[in-house]
Amino acid sequence: MNRLEVKHLKKYYTSQKAVDDISFTLAPGSIFGLLGPNGAGKTTLIRMITGILFPDEGEIIFDGQPFNPDKDVAYIGYMPEEKGLYKKMKIGDQAIYLAQLKGLSKSEALERVKHWFIKFEMQSWWNKKVEDLSKGMQQKLQFVTTVLNDPKLIILDEPFSGLDPVNSNLIKDEINNLAKQGSSIIFSTHRMEQVEEICDHIILVNKGQKILDGSVTAVKHQFKENIFSIGLEHNPENISTPAFEVINSKGHQLILKINEGYKPNDVLLYFLQQQAAINSFHEILPSLSDIFIKLVEGTPLTRQFQTTQNA
Amino acid sequence: MNKILLVIQREYLVRVKKKSFLFTTIGVPIIIIAFYAIMIAIGASGGHEKHRIAVIDEARLLSNGMEKAKSDASEYVFIDNQPADSLKVNYKKLGYDYFLYIPPVDISQEKVSNIQLYSNSPVAVSQKGRIEKAINNAIELRRLQSANLSREQYSAIRSDVSIDNITGKEQKKGVAMVATIVSFACGLLIYMIMLIYGTMVMRGVMEEKISRIAEVMVSSVKPFQLMMGKIIGIGAVGLTQFAIWIILIALIGLILPFPSIDPSAIAQAGQAGMEENVSKFDTVLLGLKTLPWGMILFCFIFYFIGGYLLYASMFAAIGSVVSEDQNEAQSMIFPVMMPIVLGFVIMTKAISEPGSPLVVFGSIFPLTSPVVMVGRIMYDVPISQLIFSMVSLVLSILFFAWLTAKIYRTGILLYGKKVTWKEMMRWAIRKS
Numbered sequence: 001m002n003r004l005e006v007k008h009l010k011k012y013y014t015s016q017k018a019v020d021d022i023s024f025t026l027a028p029g030s031i032f033g034l035l036g037p038n039g040a041g042k043t044t045l046i047r048m049i050t051g052i053l054f055p056d057e058g059e060i061i062f063d064g065q066p067f068n069p070d071k072d073v074a075y076i077g078y079m080p081e082e083k084g085l086y087k088k089m090k091i092g093d094q095a096i097y098l099a100q101l102k103g104l105s106k107s108e109a110l111e112r113v114k115h116w117f118i119k120f121e122m123q124s125w126w127n128k129k130v131e132d133l134s135k136g137m138q139q140k141l142q143f144v145t146t147v148l149n150d151p152k153l154i155i156l157d158e159p160f161s162g163l164d165p166v167n168s169n170l171i172k173d174e175i176n177n178l179a180k181q182g183s184s185i186i187f188s189t190h191r192m193e194q195v196e197e198i199c200d201h202i203i204l205v206n207k208g209q210k211i212l213d214g215s216v217t218a219v220k221h222q223f224k225e226n227i228f229s230i231g232l233e234h235n236p237e238n239i240s241t242p243a244f245e246v247i248n249s250k251g252h253q254l255i256l257k258i259n260e261g262y263k264p265n266d267v268l269l270y271f272l273q274q275q276a277a278i279n280s281f282h283e284i285l286p287s288l289s290d291i292f293i294k295l296v297e298g299t300p301l302t303r304q305f306q307t308t309q310n311a
Numbered sequence: 001m002n003k004i005l006l007v008i009q010r011e012y013l014v015r016v017k018k019k020s021f022l023f024t025t026i027g028v029p030i031i032i033i034a035f036y037a038i039m040i041a042i043g044a045s046g047g048h049e050k051h052r053i054a055v056i057d058e059a060r061l062l063s064n065g066m067e068k069a070k071s072d073a074s075e076y077v078f079i080d081n082q083p084a085d086s087l088k089v090n091y092k093k094l095g096y097d098y099f100l101y102i103p104p105v106d107i108s109q110e111k112v113s114n115i116q117l118y119s120n121s122p123v124a125v126s127q128k129g130r131i132e133k134a135i136n137n138a139i140e141l142r143r144l145q146s147a148n149l150s151r152e153q154y155s156a157i158r159s160d161v162s163i164d165n166i167t168g169k170e171q172k173k174g175v176a177m178v179a180t181i182v183s184f185a186c187g188l189l190i191y192m193i194m195l196i197y198g199t200m201v202m203r204g205v206m207e208e209k210i211s212r213i214a215e216v217m218v219s220s221v222k223p224f225q226l227m228m229g230k231i232i233g234i235g236a237v238g239l240t241q242f243a244i245w246i247i248l249i250a251l252i253g254l255i256l257p258f259p260s261i262d263p264s265a266i267a268q269a270g271q272a273g274m275e276e277n278v279s280k281f282d283t284v285l286l287g288l289k290t291l292p293w294g295m296i297l298f299c300f301i302f303y304f305i306g307g308y309l310l311y312a313s314m315f316a317a318i319g320s321v322v323s324e325d326q327n328e329a330q331s332m333i334f335p336v337m338m339p340i341v342l343g344f345v346i347m348t349k350a351i352s353e354p355g356s357p358l359v360v361f362g363s364i365f366p367l368t369s370p371v372v373m374v375g376r377i378m379y380d381v382p383i384s385q386l387i388f389s390m391v392s393l394v395l396s397i398l399f400f401a402w403l404t405a406k407i408y409r410t411g412i413l414l415y416g417k418k419v420t421w422k423e424m425m426r427w428a429i430r431k432s
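Chains Y and D, in that order, give the protein sequences.
Those letters in the first sequence? Residues 1 to 311, by UniProt numbering.
Those letters in the second sequence? Residues 1 to 432, by UniProt numbering.
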């Protein structure tokens, strides 16, 4: 059973179609990257999944049941992009308050908060106020308050902004831990290298529509351009073959693009015939960043063109 | 439902636990009372100004000595050996503050004019009044003499009447003045409550929006719960402050021995003819005791809560649409403040003319009724009007809560955008 199923979700505002027919599914324990340029409709999509906004059309299935915000928000943890806490409230009290609002009893809340504060070495913060914390510390606290209720679905919007590498890793490990324990995680960010590192599945949203959906490796294979890297003992003097072209060379490393109709084996065959000593040979897959730019860059132009035609 | 209680609890405790809470609850009233005490003291000490005043009295009005007003501490020096014209120039050099010149005047005329007071800077109105009083006395005395009347005869002729207002079936006396003061105080209190606690709600909402916790909160609680929790929590803080004040006043009442009035004296004093035995102070106490306190208290609490709820939801909506900019809040708040201020103006009229059509309208119209009705309640409001006023207030509270909740829900999640009134109206009338 899927943790979350989103079916043909739509949300139109007067000025734009914020979310225009988006569907996807999310399995338990998976880490799901929600990508898209600014203004693509990610926040609106997330707000519908967290029950803050009601969709105009479409349905959301949570744990096999139609999504019921009143009841189901207790199983969701949401860390929005615009993060914040009550500045003048004591940190311990604040964490307990937020946990209680998720439906935990006072004693349960206290126990969970203590557990997490010990885990993240935050015990000494208990009686401090949020305004006394640095931005990174606030971020850490915000993460803790998001996962306090042991949510089945965790939505993190730019969770690493403002964090140093040590604390980033701490939270990264925790995200992986939570996924292993069965929580599903939706992770929204513009930092593609983090997506490649953490996510197993991504969707790319642009102009309110889903333009890409798949596992990270599948997506990369989908956009591969048959580019390979080969390492040689000595560079051959002249390379001329219909099988591939050298597009870059760096020392004894050559970057090749295999031409249509040929296979990687043809490359190896060519160099073997040339009596070249091969050290390494591997495929270079495009980075998510490249794919993102490639997919998103073209669209605004196409859109503008279409509107002009209609007008 | 449980969540709204949690929100109320937090909003309440966070404010009551603050160190400044005790100060604002106990300290501020003391400061206000002290402030008024000082103002009254300054006002009362006005007569102690001493001036040296040179007088040339060519009309011989004051030659038989002056009847100075009691509060007049100035020294009058009569000068015979100098011409008025030189003194007009020199009085300052000769050590006088003012120069009073009374030319020969005909006191048989109804209006005596041409008397002049020379000074460097304008003379205080009170000082001028005291001099005028002294000259008036002198002229009066002359006129009496020419009519062959003595001072005593004149005093016997003069009349100084004061009318006693007997209200209601029990012929309560002395109520009118006390009722005016109590009405005004109650109206003023409600007016201040709506402004102070209303803006407190607004600042609370703005804090949530500016600190960016709003989105985290609405992913756990419904925006309506968050808004109502805040309104009720802050309202409870207000009630707590009132409770503290009432307890403090009761304690002071126990410690300080107030002259007690024995009930039989009130009964007797209620009958005409006994008023000489009752001093002014007793009349006030009597008036206080004969007011319909049960009714006043009930209405006060009803309109306090009602008025607060009505305006708090509007202030919350305003708070939800303004972003960081404080000035923006100021301009948005203005249309909400206007009916409150209007209510206050009508309330002051209610005290002088409790039955006028404007006052009746103001006491029923829900946006002004909390202030106006409380100011009017002392003056026998027809029960039908009272019920009508209360029902329309309750209905408006529900209507505005419904309307503002929709504005609040959208506004609280909107960042960095200036919201216009038109947009707010569109959110308000949009179906949910």
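Among the hints, a few may not be true.
[What the hints assert, rightly or not] Only pairs whose alpha carbons sit at most 20 Å apart, straight line, appear in this in silico SDA-like list of lysine to any residue:
1. Y:Lys88 <-> D:Gln9
2. D:Lys19 <-> Y:Lys172
3. Y:Lys87 <-> D:Leu6
4. Y:Lys172 <-> Y:Gly182
5. D:Lys418 <-> Y:Glu131
6. D:Lys50 <-> D:Phe35
7. Y:Lys87 <-> D:Lys418
8. Y:Lys88 <-> D:Lys418
9. D:Lys222 <-> Y:Pro66
10. Y:Lys90 <-> D:Gln9
11. Y:Lys88 <-> D:Ile8
12. Y:Lys129 <-> D:Lys50
13. D:Lys17 <-> Y:Glu131
14. Y:Lys87 <-> D:Met66
[What the hints assert, rightly or not] Computed footprint of chain Y on chain D; a stretch qualifies when at least three of its residues, placed anywhere within it, have a C-beta under 8 Å from a C-beta of chain Y:
15. 2-12
16. 209-218
In short, the hints are calculated from the structure, not lab data.
Yeah, the Cβ is synthetic: ideal placement off N, Cα and C, and Gly gets one too.
Verification of the supplied hints:
1. Y:Lys88 <-> D:Gln9: Holds: Lys88 (chain Y) and Gln9 (chain D) sit about 16 Å apart, inside 20 Å.
2. D:Lys19 <-> Y:Lys172: Violated, at about 40 Å.
3. Y:Lys87 <-> D:Leu6: Holds: Lys87 (chain Y) and Leu6 (chain D) sit about 18 Å apart, inside 20 Å.
4. Y:Lys172 <-> Y:Gly182: 16 Å, holds
5. D:Lys418 <-> Y:Glu131: 27 Å, violated
6. D:Lys50 <-> D:Phe35: 26 Å, violated
7. Y:Lys87 <-> D:Lys418: Since the Cα atoms of Lys87 (chain Y) and Lys418 (chain D) sit roughly 24 Å apart, the hinted pair is violated (cutoff 20 Å).
8. Y:Lys88 <-> D:Lys418: Violated, at roughly 27 Å.
9. D:Lys222 <-> Y:Pro66: 19 Å, holds
10. Y:Lys90 <-> D:Gln9: 15 Å, holds
11. Y:Lys88 <-> D:Ile8: 17 Å, holds
12. Y:Lys129 <-> D:Lys50: 60 Å, violated
13. D:Lys17 <-> Y:Glu131: It holds: about 18 Å lies between the C-alpha atoms, which stays within 20 Å.
14. Y:Lys87 <-> D:Met66: Roughly 71 Å separates the two Cα atoms, so the pair is violated.
15. 2-12: Result for this restraint: holds, n = 4.
16. 209-218: Since 8 is at least three, the answer is holds.
Hint compliance for this structure: hints 2, 5, 6, 7, 8, 12, 14 are broken, all remaining hints hold.
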